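K.L.:
Each chain is listed here by its residues.
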Amino acid sequence: MSEPNPVEWVPVAELSELARRKKKQVVVGDTPIALFLVNGRVFALHDVCVHKQRSLSKGTVLHGRIICPGHQWSFDPATGEAADQVECQPTYDVRVENDKVYVDPRPRPGRADAGAAPYTTTAAG
Amino acid sequence: MIRSIVTIGAGQAAAVAARALRRRGFDGRIELLGAEPEAPYQRPPLSKEYLAGDDDCGLHLLSEKWCAANDVHLRLGQPAVRIRPERGLIELADGTEVAADAVLVATGGSPRRLPGVEGERIHYLRTLRDADRLRAQLRPGVHVIVIGAGFIGAEVAATSRGKGADVTVVETLDVPLQRVLGRDIGATCAAIHRREGVTLRLGESVESVVETPTGVVVTTSGGRIEGDLVVVGIGITPNTTVAEQSGLAVDNGILVDEYCRTVVSNVYAAGDVANHWHPLFGERIRVEHFDNASRQATAAANNMIGRITPYADPHWFWSDQYDRNLQYTGHAPVWDELVVRGSVEECDFSAFYLRDGLVRAAFAIDRGADVLVAKELIAGRVSVDAHILADEDVDLSELTALEEQL
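Chains as they are written, first to last, in our numbering: chain A, 21 to 145; chain B, 3 to 408.
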């Protein structure tokens, strides 16, 4: 009858809340999640930057990428991949229905080929 | 045809160049010549996380695995002496000759030293070895005297406080970073240190530094300070000996054009050692920061293999002190208008340095997003009303978004 792991969509925001600043921090359970509106689409990433724990929702969207305010790491909003780095920011599935934003609080599976990158590090940037 | 590329130096710029070359599909020989015995590592953590004792802060830039997989060779602990462009080779100190069709000179800089000021308890901070030596002496309760309130001095002060040391900072100027930030904004940096329990002795010049069997005594124009160790952070000088021996033009670093080319064909320079003609600012600028080294190296790598790329980005750097994140972008030796957004008193602000109605530089504490916007405004030479910059109700990123639409 039911799926083995049914998605539990959690309502987190009104779409209108993203209209102005294009970003908003929400908390699901204990997890802070940063919502971004990029080219009309909503993305959700873990709010705490994998690099040095700064808050991504205090960052900005530039040329379609999420920029961390701490050290300007640049993330792909869809995959969480950081430009020129091994690290990957956790991302979440998003659904928008009737101008309401829902998030699936289970992070998406991460990138598999991290070992191919030259940097073995998390520092600086 | 460029079949082999060698870097003199194996730091940030060299590592980034190697990576960029392989990413762009260059399949010739790549070799990095390092004077230090260590494989390429990044220096920013040496005054921050690594100094604080975090061995896992990810210092190293190129893993062995990556070097093997990408056929990038490291020749370490062997200083280069000169380039022989006419013979297409580099001479090393031990007499070895290394063939190179193109060379990136990325020899970095060395700490400026106070004459005669050397000793067990006296530190200069540039290399991993320097950091290890300082780290071993940095313990709770020791009194650290930092000479110089620039970025290295400020970061060492912050890290030392974090380790439970007592800290005194001596600075010749009246406020930290006065030349870069100006008096008012520099004063906020002073306030941060004081709030964290650092004793600041500003406007005092150092007259002598003496190591005793039990400590150090620093005498300044303002009096005598006794401590356990001294860290001197008064800037670096570019390492130009190899360049001079190789016939490159040198004046406050190696002179390079906007493509990071030196006056000798197929010889490039990048990073702390490069005095670069910056097309955006229309002057020569030598910058001693991580991001600049990376970007210049990327541009140099591209140009070496025929992908003509000027380096015209506004400079950008950060400093982490205590739990605060400071950032600066651009270049403004002089300005005619300073616009503050936010509260200087609460140390939550960004400051924009304008000249002739254009943003030339910006500094922020815990407002990295504003700095990113400023960088775009500087790069695009966007004319912005000072009132808009100061108005917290305006979302600054809309200024760049507007620009993108035009």
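Quick caveat, the hints were computed from the structure, so don't treat them as lab data.
Treat the numbers as computed from the prediction; the structure is a model and nothing was measured.
Among the hints, erroneous ones may be present.
[As the list claims (entries may be wrong)] Label pairs and their calculated CB-CB ranges:
(1) B:G249 with A:R41: 53 to 59 Å
(2) A:P129 with B:N72: 47 to 53 Å
(3) B:G224 with A:A98: 53 to 59 Å
(4) A:S75 with B:P281: 48 to 54 Å
All C-beta atoms in this analysis are idealised placements derived from N, C-alpha and C, irrespective of residue type, glycine included.
K.L.:
Next step is simple, just say for each hint if it's right about the structure.
P.N.:
Hint by hint, here is what the structure shows:
Taken as a hint, the range 53 to 59 Å holds for the pair G249 (chain B) and R41 (chain A), whose Cβ atoms sit roughly 55 Å apart. Range check, P129 (chain A) to N72 (chain B): Cβ separation about 27 Å, and the 47 to 53 Å hint is violated. Distance hint check: the CB atoms of G224 (chain B) and A98 (chain A) are about 58 Å apart, consistent with the given range 53 to 59 Å. Hint check: S75 (chain A) to P281 (chain B), Cβ distance near 35 Å, so the stated range 48 to 54 Å is violated.
Hints 2, 4 from the list above are not met by this structure, while the remaining hints are.
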